[in-house]
Structure formats: C-alpha cells, structure tokens
Amino acid sequence: VGEGEVRVNARFDKGNTAYVGSTYVLTTADTQSNGNIIVAPGNLMGTIEGNVKDRFGYDLAHASVFMYFGGGNSKRVFTDENGNYNFDDIPANVTLQLSASGRSYRSDQSAVNLAVGEHRTVNFILDDAGSPTLTAPQNITATAYTSEPDATRGLSTSALDWVKKNLGRAKAGGKLTVSKKTRVRSDINVEVELNWDVDQFPDLFGFGVYRSTSSNVSPTSWDFIFEPLGASYLDAGLQPNANYYYSLTTASANFPDNPNVTESDFSPVVSAQTLERIHTTSYNSGTSKFQYTTTSGATSYVVYLFDEFPGVNTTSVWNNAGSPSATGSVTYTGPALQAGHTYYWFVVGSANSGASRTISQIDTLLP
1 VGEGEVRVNA RFDKGNTAYV GSTYVLTTAD TQSNGNIIVA PGNLMGTIEG
51 NVKDRFGYDL AHASVFMYFG GGNSKRVFTD ENGNYNFDDI PANVTLQLSA
101 SGRSYRSDQS AVNLAVGEHR TVNFILDDAG SPTLTAPQNI TATAYTSEPD
151 ATRGLSTSAL DWVKKNLGRA KAGGKLTVSK KTRVRSDINV EVELNWDVDQ
201 FPDLFGFGVY RSTSSNVSPT SWDFIFEPLG ASYLDAGLQP NANYYYSLTT
251 ASANFPDNPN VTESDFSPVV SAQTLERIHT TSYNSGTSKF QYTTTSGATS
301 YVVYLFDEFP GVNTTSVWNN AGSPSATGSV TYTGPALQAG HTYYWFVVGS
351 ANSGASRTIS QIDTLLP
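According to the numbering used here, the residues represented by the sequence shown are 1 to 367, in order.
Every clue listed holds true.
Simulated pairs of lysine-lysine, DSSO-like, Cα-Cα distance not exceeding 30 Å: (1) K14 - K164; (2) K165 - K289; (3) K165 - K14; (4) K289 - K164.
Everything labelled a hint here was simulated from the structure, so no lab data went into it.
With these hints in hand, go ahead and build the complete structure from the sequences.
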C-alpha cells in the first residue's frame, strides 16, 4: 500500500444479507496503520456528506472527520481539495457523533441519527486553535492480555473479545487506537490495553504515548494518538512474561509547535506485567474436572462454560469466578450437562488483581 489516505472496505455475507462497511487510514513509510470497520446490513444504511471550512469561509483540504459509534468504535474520512467529505455505509437508527478536526484548528462536533436510506448533509466550521491549560490523562489503567496467536482473527476471536467485553476496563465512550508500531506475531498474541477517562474539549488534538521496559528508565516517546475522543490504546506484538511501563500526555491542536505549551506534563507511570500462554487439556467426565496448563505469574484460574459458541454477546452458563482455582483443574459444580449437546469452554488465568490475564483457546466438550 502506498503512502497517503487509503480506503479500506469490508464485506461478508450471512444468508441472503450482505454486511458492508468501510473506513480510511493514513499510511506513512515504515509504519503499520490500523483502523476499525463497522459492518451492518447493506439494506439498512444511510449516507452523510458535508464540507469543512475555517472561520473565514475557506475550504479545508485533508481535514479529518471522525464518526463515533460508541463502544470504542469509529470510522474516519478525509476532506478533499475542496473541503468536502462523504460517509457511506452508515448504519441507520443509531445515534452517532461526528467530529471534524485538523492541526491548528479547534474541533467541531455534531450528533446524527439516520433513517434507512436517508442522505444527510452536515457541515463544519473550525475556529483557530487556542492555548488551553493542559492536564495529562487521568485514572489510567493498564491491562495485559496473552492469548492464542489466532485469537484476534478467525473463529477464536471471541475468547479474547469476550473477555475484554465482559471483564475489561475500557472507559465508557472512549475510542480504542491500535499502536502504529504493532507487528502481528504468528506464535502468540501479547498486548497491553491502556484506558483513561474521556476528556473532550475543542482544542484537543491527541495523546502522546511514552513507554519503557525497565522500572529504572523513564518512558520515552513511543507513539502518538491522533484521536480527539481517544480513551484507549492497544500496544500489541509484545513479549510474554515481561514488564512494560507507560506514561501519557495530552496534546493541543497546535502540537508539536512549542511543545512546552502544546503538550501537557507526563501522567504518573503505570505498569503492566504480561503472562505466558495457557492451554486447555481435557474435561474428565468421570471426575467432572476441567484441566488446563498453568503458567508462572498467574495466581488464579477461572473456567467459563457456554452452551453455544462464545461470541461477544453470549453469556457463560457456568463459571467458577466466585471461587477461582490456584491449580491446573476446576471441578464442575453446575446443573447436569445435556447429553449429546456440544458445550464450549476456555480458561482465564489472572494475576495482579486482574490486570494481567492469559486466555486459552476455545475447547469443546460433548457429554
């Protein structure tokens, strides 16, 4: 892929319905770009177009317009040379927030809710950026996840995603940004997710991410999040059984000019400890025991059992979260399992009060 603004499309078919979506990512040399794509039924969509100008009425080319869906999801487009932008493939009957922004300009927001087939025009006028008093992101948490190498794609997606949705610590309304330095590993998936309080104001441009691998070394510049509603950051491709240290800053719209004014002080350093991978081994129907490997660092293990494949919106029919195990087995104490029905299960090992987690593959059992 060449450098510049690149459109990425997604589609999958379920029965007679095509689910579609798209977004734009900004690619630069020697970095990996990431973007989220929200898909929805193609026959339940609307479109939005508009124009972005400065306060003098001049069209702003290459300004960013973000659309936030909630739940940490968004899509992004860029204005053309005439300041025009267009969102297609927009799910109908969902309240969305639009935010237009650009370096040296204050952002502007608008909320929309489209009817099926509706075409809406939303224009923005961006004022010159000011010089606000900046504070570093507040209440930062760091959660480490270790999982199967295919746990972020394919059928195993739901083990990691289910844990994040049901046990995660993401802040409400925050947008997740994936590190541009991420390199997908084929042997293991290790990542740290940072979350902090959403703090929206017009001059907000993004956040600086500083990282270290030693408690004796101050974190140094690692990444920049150009995301006015950012409240989550994913640092992936990490090493298992390691420690990482992070500090964040807040940057205003004139960053990086005069960094003493346009970037806040550093936040307090937060740390994350990554764990080794674990695996399910068997379910012994004679003893009603789930068995799995253990790993150094994990202090407790919880088995989650499902009567259907564990997608992000499914509910565990039984687990031992109320009485975690410290060993490599858990005894099933729930209702009798239905003979001939396929059940699904996985195990989560935890340490540091849940701030470090290792997630097994999804296994099956057939009573």
